[in-house]
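Line order of the protein sequences matches chains A, B and C.
Under full-length UniProt numbering, the residues of the first sequence are numbered 1 to 199, in order.
Under full-length UniProt numbering, the residues of the second sequence are numbered 1 to 199, in order.
Under full-length UniProt numbering, the residues of the third sequence are numbered 1 to 199, in order.
Heads up, some of the hints might be wrong.
To be verified - Counterexamples of contact, computed for chain B against chain C with all Cβ distances above 12 Å: (1) A55; (2) I82; (3) K88; (4) F91; (5) R146; (6) L162; (7) A174.
Said to hold, decoys possible - What follows is a set of in silico ranges between Cβ atoms, one per label pair, in the way DEER data are often shown: (8) F79/C / G117/B: 49 to 57 Å; (9) T172/A / R87/C: 52 to 60 Å; (10) L84/C / G117/A: 25 to 33 Å; (11) D62/C / I3/A: 33 to 41 Å; (12) M191/C / T81/B: 34 to 42 Å; (13) P197/B / K85/A: 20 to 28 Å; (14) V67/B / K192/A: 58 to 66 Å.
Please keep in mind that the hints were generated in silico from the structure rather than gathered at the bench.
Where a beta carbon is used, it is the ideal one built from N, C-alpha and C, also for glycine.
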Amino acid sequence: MTIITILDLLGTFVFAISGSLVARNREFDIFGALVVAFATALGGGTIRDLLIGVAPVGWMLDAKYLVAVIAGVGVAAFFSTILLKLRKTLFLFDTIGIGIFTLIGIQKALAQGLSPGVALMMGIVSAVFGGVVRDILCNEVPLIFRKEIYATACLAGGTIYLVGIHLGVNNTVAMVACMLLIIGIRLISVMKKIALPKI
Amino acid sequence: MTIITILDLLGTFVFAISGSLVARNREFDIFGALVVAFATALGGGTIRDLLIGVAPVGWMLDAKYLVAVIAGVGVAAFFSTILLKLRKTLFLFDTIGIGIFTLIGIQKALAQGLSPGVALMMGIVSAVFGGVVRDILCNEVPLIFRKEIYATACLAGGTIYLVGIHLGVNNTVAMVACMLLIIGIRLISVMKKIALPKI
Amino acid sequence: MTIITILDLLGTFVFAISGSLVARNREFDIFGALVVAFATALGGGTIRDLLIGVAPVGWMLDAKYLVAVIAGVGVAAFFSTILLKLRKTLFLFDTIGIGIFTLIGIQKALAQGLSPGVALMMGIVSAVFGGVVRDILCNEVPLIFRKEIYATACLAGGTIYLVGIHLGVNNTVAMVACMLLIIGIRLISVMKKIALPKI
Numbered sequence: 001m002t003i004i005t006i007l008d009l010l011g012t013f014v015f016a017i018s019g020s021l022v023a024r025n026r027e028f029d030i031f032g033a034l035v036v037a038f039a040t041a042l043g044g045g046t047i048r049d050l051l052i053g054v055a056p057v058g059w060m061l062d063a064k065y066l067v068a069v070i071a072g073v074g075v076a077a078f079f080s081t082i083l084l085k086l087r088k089t090l091f092l093f094d095t096i097g098i099g100i101f102t103l104i105g106i107q108k109a110l111a112q113g114l115s116p117g118v119a120l121m122m123g124i125v126s127a128v129f130g131g132v133v134r135d136i137l138c139n140e141v142p143l144i145f146r147k148e149i150y151a152t153a154c155l156a157g158g159t160i161y162l163v164g165i166h167l168g169v170n171n172t173v174a175m176v177a178c179m180l181l182i183i184g185i186r187l188i189s190v191m192k193k194i195a196l197p198k199i
Numbered sequence: 001m002t003i004i005t006i007l008d009l010l011g012t013f014v015f016a017i018s019g020s021l022v023a024r025n026r027e028f029d030i031f032g033a034l035v036v037a038f039a040t041a042l043g044g045g046t047i048r049d050l051l052i053g054v055a056p057v058g059w060m061l062d063a064k065y066l067v068a069v070i071a072g073v074g075v076a077a078f079f080s081t082i083l084l085k086l087r088k089t090l091f092l093f094d095t096i097g098i099g100i101f102t103l104i105g106i107q108k109a110l111a112q113g114l115s116p117g118v119a120l121m122m123g124i125v126s127a128v129f130g131g132v133v134r135d136i137l138c139n140e141v142p143l144i145f146r147k148e149i150y151a152t153a154c155l156a157g158g159t160i161y162l163v164g165i166h167l168g169v170n171n172t173v174a175m176v177a178c179m180l181l182i183i184g185i186r187l188i189s190v191m192k193k194i195a196l197p198k199i
Numbered sequence: 001m002t003i004i005t006i007l008d009l010l011g012t013f014v015f016a017i018s019g020s021l022v023a024r025n026r027e028f029d030i031f032g033a034l035v036v037a038f039a040t041a042l043g044g045g046t047i048r049d050l051l052i053g054v055a056p057v058g059w060m061l062d063a064k065y066l067v068a069v070i071a072g073v074g075v076a077a078f079f080s081t082i083l084l085k086l087r088k089t090l091f092l093f094d095t096i097g098i099g100i101f102t103l104i105g106i107q108k109a110l111a112q113g114l115s116p117g118v119a120l121m122m123g124i125v126s127a128v129f130g131g132v133v134r135d136i137l138c139n140e141v142p143l144i145f146r147k148e149i150y151a152t153a154c155l156a157g158g159t160i161y162l163v164g165i166h167l168g169v170n171n172t173v174a175m176v177a178c179m180l181l182i183i184g185i186r187l188i189s190v191m192k193k194i195a196l197p198k199i
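Please take these sequences and the hints and turn them into a complete structure.
Here you go:
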């Protein structure tokens with residue numbers, strides 16, 4: 001496994017935990033928790049794959065992603081007190097997940113021959129639409145429409161990456177720059193409680 | 001028409017009736033009832049086909065499914081008093097529909113070369129996601145996240161089927177075993193009011 | 001650009017404005033407004049493309065559609081007082097948009113080799129499901145399930161078009177008849193406050 005696959009699985013696992021915790025707050029049963037965890041962790045990538053014409057969608061061909069989701073639900077079900085103590089670690093992994101999902105989304109869209117602008121959109125979709133699907137399944141207005149510089153961080157990081165590779169920067173360097181920017185913007189915006197202006 | 005097609009159409013028809021009755025409770029107009037009936041009856045199979053890469057989706061190529069949905073809406077609109085008397089019959093056909101949808105979902109996924117685990121998921125998606133789409137369209141938290149051993153019945157029945165064909169059991173025998181298990185679990189769980197534990 | 005493309009882009013632009021105004025009423029941030037505008041303007045066509053097996057979906061291959069959506073959001077954000085004065089013009093363009101979306105949906109489905117009945121459905125999906133997705137994103141029961149002869153206008157116009165080309169009528173004539181019928185039905189139904197009967 002490459003470092004990207006490992007981070008991707010880690011992001012999937014942490015997103016599944018966060019989805020499960022939402023399901024627990026709603027008093028869903030185990031099936032509901034699995035669906036919500038699944039949607040949170042793999043929903044963004046699924047929508048991206050459908051839109052760009054990749055089917056069967058990615059996670060169907062690699063059982064590791066299903067294992068990561070089920071492991072996330074299991075951890076959320078049995079180790080909730082430990083999770084409370086690890087909140088900062090989880091937040092960090094969650095942010096790493098967003099960065100990786102953005103990068104993978106961009107790369108998959110470019111590999112389909114789509115334009116950089118559309119690839120950037122697909123990066124953002126990969127990172128944030130899992131949360132949108134989660135909120136719709138829970139019958140709530142998607143959180144991301146109201147709060148936090150979340151999609152903006154993906155937009156900035158993805159743009160850096162695309163500009164980087166366009167200028168011939170080494171791919172790994174461009175990826176690291178993208179990740180650092182996404183993580184940095186998200187950390188700062190959460191610490192300083194910055195949000196996007198309303199329309 | 002094979003017996004499977006007939007049961008599939010019967011399931012589609014009964015799901016369309018149940019979707020129409022939900023639309024009626026919400027005071028939707030005829031167009032809304034058609035959409036909700038459609039989503040309930042064919043939504044699960046549509047999502048499955050999109051995820052596994054079958055498009056145009058199945059019902060587009062066989063007008064019988066559209067006819068079954070429209071017939072279900074018509075029956076729900078004009079014969080509601082009779083339907084009340086037939087409640088137990090409808091429940092039975094609904095349960096048969098779930099069993100058939102599970103089987104067809106599994107078989108279609110296997111035919112796409114997907115793994116048994118993913119095929120099992122696609123069987124469950126075929127059977128229960130029509131109801132999830134219906135509840136989202138009606139702006140409600142999906143019922144199935146909170147109540148009834150519904151997906152669990154599909155999981156058990158689908159597992160029996162997959163284990164059966166893996167062990168070389170005759171396909172028809174494995175299908176009958178799957179159907180009986182799904183119908184049996186659902187009947188018992190409704191009679192005894194068993195539900196999945198909360199997460 | 002053909003006249004059809006121009007009308008299609010105009011429809012996309014006006015649908016994006018209407019989506020943005022809904023997002024503004026919900027106090028969404030700019031990202032939320034972009035997503036809702038996008039879903040309203042391009043959601044119907046996206047669902048159609050996925051169902052009939054066209055991926056990457058249409059707007060990914062033509063940047064003009066993205067520009068039309070972003071322009072719509074910009075206009076909604078900065079010129080809201082002017083928009084209030086132009087309400088009747090916007091309503092007219094919105095209705096033109098519905099007509100064009102219906103026609104394009106039918107033509108794309110026919111080009112995929114689908115039956116006239118399914119093509120008619122895909123025309124209606126193209127025209128009205130953007131609004132359904134918008135309402136789901138805003139956590140509301142889709143407006144169209146309760147109000148206005150909207151889908152019915154598309155049904156009537158689409159039927160005229162299909163009957164026309166079946167009878168060998170010139171394609172342009174059939175398209176104009178379709179547009180006029182959709183615009184006419186919608187105008188009359190809004191003026192006379194006609195709605196579909198409830199189920």
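Where does the structure disagree with the numbered hints, that is, which hint numbers, in rising order? Result: hint 1 breaks, nothing else.
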